[in-house]
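Number of protein chains: 2
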Amino acid sequence: MHESVTKFIDDNLDNSIEDLKILCRIPSVAAKNEGLEETSSLVEKMLKDVGLETKVHETSGAPVVTGWIDVGAKRTLLFYNHYDVQPAEPFDLWDSHPFEPEIRNGRLYGRGVADNKGDTIYRIWVLKAFKETGTDLPVNIKFVVEGEEEIGSVNLPEYTEKNTDFITADAGIWEFGGAGIDGIQEAWLGLKGIFFVELEVERLVRDVHSSTACVFPAAASRLVWALNSIKDGNSRILIDGFYDGIKPFTDAEIEAMKKIDLHEDLQKKEYGIDEFLNGMTGDELKKAYYGDPTANICGLTSGYQGKGSMTVLPAKASCKIDFRLVEGMHPDDIHKKLRKHFDDNGFTDVKITYFEGYPAAKTPVDHPFVKIVERANQSVFGEMKIHMTSPGSGPLYLFNKYVPMVSIGCGDHLSKAHSPNESIVVENYRKAMHRIVAVIDEMSRW
Amino acid sequence: MHESVTKFIDDNLDNSIEDLKILCRIPSVAAKNEGLEETSSLVEKMLKDVGLETKVHETSGAPVVTGWIDVGAKRTLLFYNHYDVQPAEPFDLWDSHPFEPEIRNGRLYGRGVADNKGDTIYRIWVLKAFKETGTDLPVNIKFVVEGEEEIGSVNLPEYTEKNTDFITADAGIWEFGGAGIDGIQEAWLGLKGIFFVELEVERLVRDVHSSTACVFPAAASRLVWALNSIKDGNSRILIDGFYDGIKPFTDAEIEAMKKIDLHEDLQKKEYGIDEFLNGMTGDELKKAYYGDPTANICGLTSGYQGKGSMTVLPAKASCKIDFRLVEGMHPDDIHKKLRKHFDDNGFTDVKITYFEGYPAAKTPVDHPFVKIVERANQSVFGEMKIHMTSPGSGPLYLFNKYVPMVSIGCGDHLSKAHSPNESIVVENYRKAMHRIVAVIDEMSRW
Numbered sequence: 000m001h002e003s004v005t006k007f008i009d010d011n012l013d014n015s016i017e018d019l020k021i022l023c024r025i026p027s028v029a030a031k032n033e034g035l036e037e038t039s040s041l042v043e044k045m046l047k048d049v050g051l052e053t054k055v056h057e058t059s060g061a062p063v064v065t066g067w068i069d070v071g072a073k074r075t076l077l078f079y080n081h082y083d084v085q086p087a088e089p090f091d092l093w094d095s096h097p098f099e100p101e102i103r104n105g106r107l108y109g110r111g112v113a114d115n116k117g118d119t120i121y122r123i124w125v126l127k128a129f130k131e132t133g134t135d136l137p138v139n140i141k142f143v144v145e146g147e148e149e150i151g152s153v154n155l156p157e158y159t160e161k162n163t164d165f166i167t168a169d170a171g172i173w174e175f176g177g178a179g180i181d182g183i184q185e186a187w188l189g190l191k192g193i194f195f196v197e198l199e200v201e202r203l204v205r206d207v208h209s210s211t212a213c214v215f216p217a218a219a220s221r222l223v224w225a226l227n228s229i230k231d232g233n234s235r236i237l238i239d240g241f242y243d244g245i246k247p248f249t250d251a252e253i254e255a256m257k258k259i260d261l262h263e264d265l266q267k268k269e270y271g272i273d274e275f276l277n278g279m280t281g282d283e284l285k286k287a288y289y290g291d292p293t294a295n296i297c298g299l300t301s302g303y304q305g306k307g308s309m310t311v312l313p314a315k316a317s318c319k320i321d322f323r324l325v326e327g328m329h330p331d332d333i334h335k336k337l338r339k340h341f342d343d344n345g346f347t348d349v350k351i352t353y354f355e356g357y358p359a360a361k362t363p364v365d366h367p368f369v370k371i372v373e374r375a376n377q378s379v380f381g382e383m384k385i386h387m388t389s390p391g392s393g394p395l396y397l398f399n400k401y402v403p404m405v406s407i408g409c410g411d412h413l414s415k416a417h418s419p420n421e422s423i424v425v426e427n428y429r430k431a432m433h434r435i436v437a438v439i440d441e442m443s444r445w
Numbered sequence: 000m001h002e003s004v005t006k007f008i009d010d011n012l013d014n015s016i017e018d019l020k021i022l023c024r025i026p027s028v029a030a031k032n033e034g035l036e037e038t039s040s041l042v043e044k045m046l047k048d049v050g051l052e053t054k055v056h057e058t059s060g061a062p063v064v065t066g067w068i069d070v071g072a073k074r075t076l077l078f079y080n081h082y083d084v085q086p087a088e089p090f091d092l093w094d095s096h097p098f099e100p101e102i103r104n105g106r107l108y109g110r111g112v113a114d115n116k117g118d119t120i121y122r123i124w125v126l127k128a129f130k131e132t133g134t135d136l137p138v139n140i141k142f143v144v145e146g147e148e149e150i151g152s153v154n155l156p157e158y159t160e161k162n163t164d165f166i167t168a169d170a171g172i173w174e175f176g177g178a179g180i181d182g183i184q185e186a187w188l189g190l191k192g193i194f195f196v197e198l199e200v201e202r203l204v205r206d207v208h209s210s211t212a213c214v215f216p217a218a219a220s221r222l223v224w225a226l227n228s229i230k231d232g233n234s235r236i237l238i239d240g241f242y243d244g245i246k247p248f249t250d251a252e253i254e255a256m257k258k259i260d261l262h263e264d265l266q267k268k269e270y271g272i273d274e275f276l277n278g279m280t281g282d283e284l285k286k287a288y289y290g291d292p293t294a295n296i297c298g299l300t301s302g303y304q305g306k307g308s309m310t311v312l313p314a315k316a317s318c319k320i321d322f323r324l325v326e327g328m329h330p331d332d333i334h335k336k337l338r339k340h341f342d343d344n345g346f347t348d349v350k351i352t353y354f355e356g357y358p359a360a361k362t363p364v365d366h367p368f369v370k371i372v373e374r375a376n377q378s379v380f381g382e383m384k385i386h387m388t389s390p391g392s393g394p395l396y397l398f399n400k401y402v403p404m405v406s407i408g409c410g411d412h413l414s415k416a417h418s419p420n421e422s423i424v425v426e427n428y429r430k431a432m433h434r435i436v437a438v439i440d441e442m443s444r445w
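Sequence order for the protein chains is A and B. 0 is the number of the first residue of the first sequence in numbering that gives the first Met the number 0; add one for each residue after it. 0 is the number of the first residue of the second sequence in numbering that gives the first Met the number 0; add one for each residue after it.
There could be a bad hint or two in this list.
Taking lysine to any residue and the SDA-like style, the derived pairs with C-alpha atoms no more than 25 Å apart in a straight line are [stated by the list, open to error]: (1) A:306 / B:351; (2) A:350 / B:268; (3) A:415 / A:265; (4) A:339 / B:351; (5) B:267 / A:201; (6) B:400 / B:332; (7) B:384 / B:263.
It is worth saying that the hints were derived from the structure and are not from the lab.
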């Protein structure tokens with residue numbers, strides 16, 4: 000393999016970490032529309048500095064940054080990443096400032112280090128290593144780095160629909176991945192879809208004294224009843240037709256599932272639970288993990304939330320809820336069904352605001368590129384677990400018909416993506432660079 | 000009547016308003032344990048300044064301030080007030096600073112002006128008027144001013160149980176009251192009880208990525224289901240035995256109810272509603288107003304509540320809820336029944352924190368003091384509506400067996416007690432002082 004390239008990576012590890020810190024210091028929170036222009040410019044500059052041609056594509060939202068180098072090779076490898084991050088709230092639960100990354104005990108802490116700035120930077124640095132060591136790239140490279148992944152890639156279709164030639168490649172590496180709870184590296188071949196909404200009920204012009212709850216309608220109770228109506232006590236979703244059209248697992252997927260160990264006991268300990276949802280275990284748990292859509296309350300808000308008691312009848316109540324979708328479901332369809340469900344059940348007073356949504360997508364478990372990634376990983380990390388899909392979401396559906404993709408990355412089960420104290424292991428970050436070098440190497444012989 | 004006394008009141012209106020402003024500038028929020036010592040000292044000083052003997056009674060919480068003057072009269076009149084206020088949140092909904100009272104268009108705005116510092120100050124100023132004009136008081140006077148009414152008077156029993164002699168009087172004026180939505184003065188003869196709790200569910204050691212909702216338990220859903228289990232879509236409370244022991248209306252109460260007009264159309268317009276709870280109207284609405292217990296969500300909290308979307312599975316969810324109780328119910332009993340209800344329905348994971356609670360109490364509608372107040376009001380304001388009970392709560396039960404009490408005050412239907420922009424009409428405040436002078440006068444001939 001390319002020893003001068005991997006040596007350069009190791010010798011310059013501090014420098015690449017420094018680039019990552021620089022990227023993480025910009026709080027590019029898509030949900031707040033903060034820092035996105037600035038971050039996209041920085042990403043473009045970094046791509047240019049490692050020898051790529053670049054272009055910044057304006058959209059109705061955050062720009063999409065692309066970079067490419069055509070070395071005339073047989074195969075082309077595409078990277079998908081994003082430069083936006085989740086909000087860092089609640090700040091007081093962070094042990095260090097979310098936007099001032101720092102290393103403690105071999106881990107780098109900061110919002111975005113795992114999701115997804117770490118993976119973005121080390122992939123750029125792999126190209127820098129080829130360039131600085133004067134090593135010929137054996138495959139053509141393309142980068143697509145967007146800035147609204149954390150709000151559902153709402154404007155990414157504006158880019159992808161007009162640039163299907165660019166996003167066509169032999170294979171691609173998706174944004175994230177890493178070590179599981181057992182320390183073994185994991186690859187994800189698919190992503191669930193998502194349908195994210197805010198539900199709001201407003202029943203009075205202002206908050207009133209709670210004594211009048213005997214005669215006035217209560218927004219918070221209306222919201223509770225509406226939420227209760229969409230999911231039963233076993234988390235079965237009660238919206239009419241919600242499960243219609245879901246594709247069953249393929250035989251290859253069922254085979255792949257057999258090789259997976261979800262390490263139930265380790266997870267129970269890690270997350271402080273006595274049992275999984277509905278007491279699921281074994282195959283049932285695996286099937287839910289890969290195949291179940293969800294209706295999850297991300298946030299609930301109403302009335303007084305301060306210390307002690309305040310006797311108020313709140314005028315309004317609201318809820319943020321994300322539905323994870325599997326293959327065969329579409330957010331627009333679920334949107335219609337949710338509205339109908341509320342109307343049919345007397346909840347015409349529940350307002351739905353549609354924030355983001357897209358369908359699920361998967362790369363087949365028996366695709367040749369899956370083997371390439373597996374061999375590349377073997378040479379750096381060793382064993383790898385292949386998941387037919389992540390339970391998480393991403394706009395894979397926009398790319399998947401032009402390029403089969405596998406998601407791997409530098410995270411691990413303690414990375415706390417979307418939560419306080421997000422972090423990565425620096426050593427995994429280093430080895431993830433070696434793995435990309437190995438993927439490029441393997442791909443050149445495909 | 001005592002014309003020199005009422006003339007003094009009118010001539011010194013600005014001075015009494017100034018005293019009220021001084022009292023309101025201290026944010027004596029019992030829920031936050033703020034400013035209570037300072038406010039109690041100020042109230043004691045004010046009582047002393049108008050010629051009363053005073054005592055500050057320490058409790059496990061805020062001090063209880065008492066003041067008295069025994070002029071050797073046949074009758075004794077007791078005032079119950081409180082110097083604490085509700086939290087002023089959300090501050091951004093106030094048009095002026097909640098703790099910097101100011102007059103706009105004849106209304107004085109500030110947290111506590113209606114509930115209950117206005118009523119406290121003008122009653123003290125009535126005594127000042129007697130003193131400054133050298134007018135003999137024809138009744139003995141007692142004041143009990145506590146500092147934890149807004150958190151359920153949790154420590155007031157420590158005072159009342161040891162001072163039953165002091166709280167024994169021929170009659171008493173309770174803290175609040177004023178003009179209804181039709182502009183007519185209202186007197187309240189009773190108060191509902193209360194049982195205020197926080198419900199908490201914690202199912203994970205930390206917030207996690209919401210994609211894992213397919214396999215992890217969800218605290219927010221558990222809370223929704225638990226809340227849904229305690230009240231059906233018609234607001235009927237489903238806790239076993241919740242309605243047991245409730246006393247039916249007496250014949251005198253049914254007669255009194257007939258005289259009441261709840262001005263349904265005015266209220267609908269004022270609060271922006273198409274109909275009252277469950278479409279109630281007429282006698283049914285009145286019966287609910289005076290006789291229904293409630294289970295009201297005062298606040299809901301879970302997960303991400305900021306702008307836009309954040310896909311998180313929150314580890315915790317909580318809810319503040321107040322139950323209003325009517326005669327025959329006791330908070331300790333409801334507490335046991337609520338715990339049993341949750342346990343019986345599989346919600347052993349819902350933690351109940353009991354914040355405050357006490358039973359309901361009423362003065363009979365045919366008590367002679369009710370007529371005295373009615374006549375006094377007639378001479379100042381004119382007509383008066385007699386309500387057998389307020390839908391609101393207060394620790395009347397601690398006093399009621401030693402002193403029959405009627406609640407009247409300087410508020411009105413726009414006073415927004417417990418809400419932003421709390422206010423009183425200055426002219427009502429002035430006339431409320433005249434009315435107390437008239438009550439004293441009427442009482443001296445009882």
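Against the structure, the hints:
The suggested pairing of residue 306 of chain A with residue 351 of chain B holds, with an alpha-carbon distance near 15 Å, which does not exceed 25 Å. Restraint check: the Cα-Cα separation between residue 350 of chain A and residue 268 of chain B comes to about 22 Å, which is no more than 25 Å; the hinted pair holds. A threshold of 25 Å between alpha carbons decides the hint, and for residue 415 of chain A with residue 265 of chain A the separation of about 16 Å falls inside it, so the pair holds. The hinted pair formed by residue 339 of chain A and residue 351 of chain B fails the criterion: a straight-line CA distance of about 35 Å is larger than 25 Å.
This hinted pair checks out: residue 267 of chain B and residue 201 of chain A have alpha carbons roughly 15 Å apart, not beyond 25 Å. Restraint check for residue 400 of chain B and residue 332 of chain B: the C-alpha separation of about 21 Å stays at or below 25 Å, so the hint holds. With a CA separation close to 16 Å, the supplied pair residue 384 of chain B and residue 263 of chain B stays within the 25 Å bound.
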